[in-house]
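So for the sequence shown, the numbering used here puts the first residue at 181; every next one is plus one.
No lab work stands behind these hints, which were simulated from the structure alone. Treat the hints with care, since some could be wrong.
Claimed, not checked - Simulated crosslink set (EDC-like; lysine to aspartate or glutamate; CA at most 20 Å straight-line):
{"hint": "1", "residue 1": "614", "residue 2": "633"}
{"hint": "2", "residue 1": "710", "residue 2": "534"}
{"hint": "3", "residue 1": "360", "residue 2": "305"}
{"hint": "4", "residue 1": "434", "residue 2": "590"}
{"hint": "5", "residue 1": "679", "residue 2": "633"}
{"hint": "6", "residue 1": "608", "residue 2": "590"}
{"hint": "7", "residue 1": "375", "residue 2": "326"}
{"hint": "8", "residue 1": "434", "residue 2": "464"}
{"hint": "9", "residue 1": "508", "residue 2": "471"}
{"hint": "10", "residue 1": "577", "residue 2": "655"}
{"hint": "11", "residue 1": "520", "residue 2": "590"}
{"hint": "12", "residue 1": "710", "residue 2": "722"}
{"hint": "13", "residue 1": "505", "residue 2": "464"}
{"hint": "14", "residue 1": "520", "residue 2": "492"}
{"hint": "15", "residue 1": "507", "residue 2": "471"}
{"hint": "16", "residue 1": "679", "residue 2": "659"}
{"hint": "17", "residue 1": "727", "residue 2": "319"}
{"hint": "18", "residue 1": "801", "residue 2": "739"}
{"hint": "19", "residue 1": "508", "residue 2": "491"}
{"hint": "20", "residue 1": "608", "residue 2": "598"}
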Amino acid sequence: MTLRSIGEAVIATDIRGCITCMNPEAERLTGWQFADAKDCNLSDVFKVVNAHSGIPINDLVERVRNEKGIVVLAEDSMLIASNGNRYQIYENGAPIYDDANEIIGVVLVFRDITQEYDLKNCLNENALRLQRVVDTSMDAVIVIDEQGMVDEWNPAAENIFGWSYAEIRKQPLHNLIIPKEFRERHLQGIQKLIKDDETSFKSKRIESLALHRDGHTFPIDLAMTSIKTENGWVFNAFIRDLSDHKNNEKLIDKHNIILRETQRIAQLGYWELDLVNGVLEWSDEIFRMFDLDPATSEPSYGLFINKIHPEDRERVDAAYSQSLKTKKAYNIIHRIVTNKGIRIVHEQCDTDFDDDGKPIRSLGMVQDITERVDNLDELRIAATMFRTHSGIIITDKNGTIVRVNPAFEEMTGYSSKELVGKNPKILKSDRQSKEFYEVMWNKLSATGVWQGELWNTRKDGTLFAEWLTVTVVKDDAGEVTNYVGTSQDITERKHAETKIEYLAYHDDLTDLANRRLLIDRLQQNIVTCKRNDEFGAVLILDLDSFKDLNDSLGHSVGDEVLRGVASRLKEVVREGDTVARLGGDEFIVVLSSIGKDPSKIGIEVQLIAEKIQSNLSRPYKLKDGQCFSNA
């Protein structure tokens with residue numbers, strides 16, 4: 181009765197291993213009825229294999245006979261029932277003795293632990309997955325006990341602080357990465373937490389300083405959590421090196437200062453109007469130009485209009501309204517009234533529109549040109565102006581050059597003798613259209629001043645960019661006598677702007693699109709695919725064993741391989757596709773407009789993926805040999 185009601189499965193055999201008894205639980209797990217299993221060999225009924233290797237375990241009875249005691253017969257045992265069901269089991273065996281203390285059989289006791297086994301495997305997999313996340317994290321992950329000794333130290337921590345895990349394990353954290361001035365506070369904080377027994381300690385982020393192995397300190401972003409275990413407190417720290425971030429902030433601050441100073445010197449301010457939310461922003465120079473206090477004056481279109489000379493308000497307001505209707509930029513010269521008097525400004529504005537044609541943002545610039553206009557009469561003499569570092573060119577009313585200054589000679593490579601008597605067309609490049617010059621002359625005729633950016637050609641044939649202001653000079657009768665052009669060579673600035681813009685959207689190692697450009701391209705492709713009812717695809721790949729290659733051959737070789745991978749990826753994709761590098765050996769290929777038939781998309785993408793793999797599997801020629809890699 182006890183054997184039948186026991187929760188565990190029981191099988192008894194004689195000394196030969198033939199079954200003499202089995203309870204209902206054993207019948208359920210093996211799939212055999214005792215009537216059928218009786219006198220059968222144990223291995224025929226109780227089919228047990230290693231769960232990992234699948235190798236049969238047939239020596240159960242022999243092991244019990246030999247060890248003559250209770251034994252755990254096998255670890256990771258799997259029972260295969262007669263109906264094909266598989267059970268993870270835990271089994272014990274013990275000998276059966278007769279009155280003469282001789283072994284006459286074996287009893288096996290086993291139970292189904294499939295759920296426990298699966299749970300254990302799941303926990304192990306989750307732990308392994310978590311460990312991989314920690315190991316590949318770009319941030320340092322550090323675990324210490326309540327004595328402050330290091331228990332965990334991921335590879336990112338090694339890179340950030342310069343200490344290997346082997347060196348720092350079970351060492352006091354505060355002596356190694358915390359600057360001296362913060363160590364006492366760190367220790368007091370841990371002790372207070374332990375003393376207060378704050379089991380609900382909340383994570384918080386702070387910026388602080390950390391100590392590198394070589395002795396220098398650097399800024400970090402720190403987040404901490406804590407767990408109270410049976411063995412005491414465990415503290416987890418997540419640390420990000422902010423060195424590059426802080427350096428970038430300093431660089432941005434420096435550029436902003438330069439921009440503000442440049443605007444102040446040029447008396448040029450900018451404004452931006454959010455037409456969706458009605459928010460208007462002015463630069464510091466506009467406040468200064470309008471003689472307004474930023475602390476007490478809230479930018480608004482009404483305030484701007486009120487600062488315009490009453491005789492010019494309607495014209496300026498009409499110019500802006502017309503630009504919204506025509507979706508073209510406006511360019512106007514008008515007067516403003518300040519506490520210091522009337523000033524003359526040159527204003528330009530352009531507006532962005534959404535896909536429905538609604539205006540969403542206006543961006544404009546205002547430049548104080550009072551002095552320039554006031555000195556138009558003096559520009560006919562131009563003697564003082566010729567001492568400027570800006571290039572000066574003066575023509576007669578027919579456009580024939582009559583004088584240039586040394587700065588203009590240096591800028592163009594032509595001597596004054598070579599230029600006088602010629603038309604400025606000698607400098608003309610193909611960068612500007614015929615319509616460009618028509619607009620320029622129309623503007624000059626209408627306002628007397630034109631200002632803008634254009635490209636011209638030097639004597640040696642090279643192109644240069646210049647910021648040119650052309651002013652009409654008239655005599656007392658109002659007749660045009662001369663045109664005066666003032667120009668600055670902005671070639672280097674234009675190249676720098678182009679380079680900065682390019683670097684902002686490309687990976688500096690491989691010259692591929694970076695994450696920022698990738699997101700933009702993805703958004704564009706999504707819009708295009710939706711509009712055209714087409715499909716696109718995104719391929720994500722990384723390189724096999726790249727870390728081993730990088731560690732064994734060095735980062736310079738790794739960089740060379742990454743550049744080779746980038747080149748091969750660009751060879752495979754089409755002109756309209758995008759290849760991007762996210763960092764490390766991670767690449768993304770965005771395939772645009774593959775087709776409209778969903779049944780063919782998978783095949784097309786697979787062909788491209790196979791082509792990529794084939795192309796990447798070819799050997800990479802290096803300076804000192806070659807290597808192989810694949811994705």
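Now the hints, each set against the structure:
1. 614 to 633: holds (15 Å)
2. 710 to 534: holds (17 Å)
3. 360 to 305: violated (40 Å)
4. 434 to 590: violated (30 Å)
5. 679 to 633: Within the cut-off at roughly 18 Å; holds.
6. 608 to 590: holds (17 Å)
7. 375 to 326: The given pair, whose Cα atoms are some 11 Å apart, holds under the 20 Å limit.
8. 434 to 464: holds (16 Å)
9. 508 to 471: violated (30 Å)
10. 577 to 655: holds (11 Å)
11. 520 to 590: Roughly 39 Å between the alpha carbons, so the hint for residue 520 and residue 590 is violated.
12. 710 to 722: Answer violated: residue 710 to residue 722 is near 29 Å, above 20 Å.
13. 505 to 464: The given pair, whose Cα atoms are some 30 Å apart, is violated under the 20 Å limit.
14. 520 to 492: holds (18 Å)
15. 507 to 471: The given pair, whose Cα atoms are some 31 Å apart, is violated under the 20 Å limit.
16. 679 to 659: violated (45 Å)
17. 727 to 319: holds (18 Å)
18. 801 to 739: holds (13 Å)
19. 508 to 491: Roughly 24 Å separates the two Cα atoms, so the pair is violated.
20. 608 to 598: holds (15 Å)
In terms of the numbered hints stated before, the structure departs from hints 3, 4, 9, 11, 12, 13, 15, 16, 19, listed from lowest to highest.
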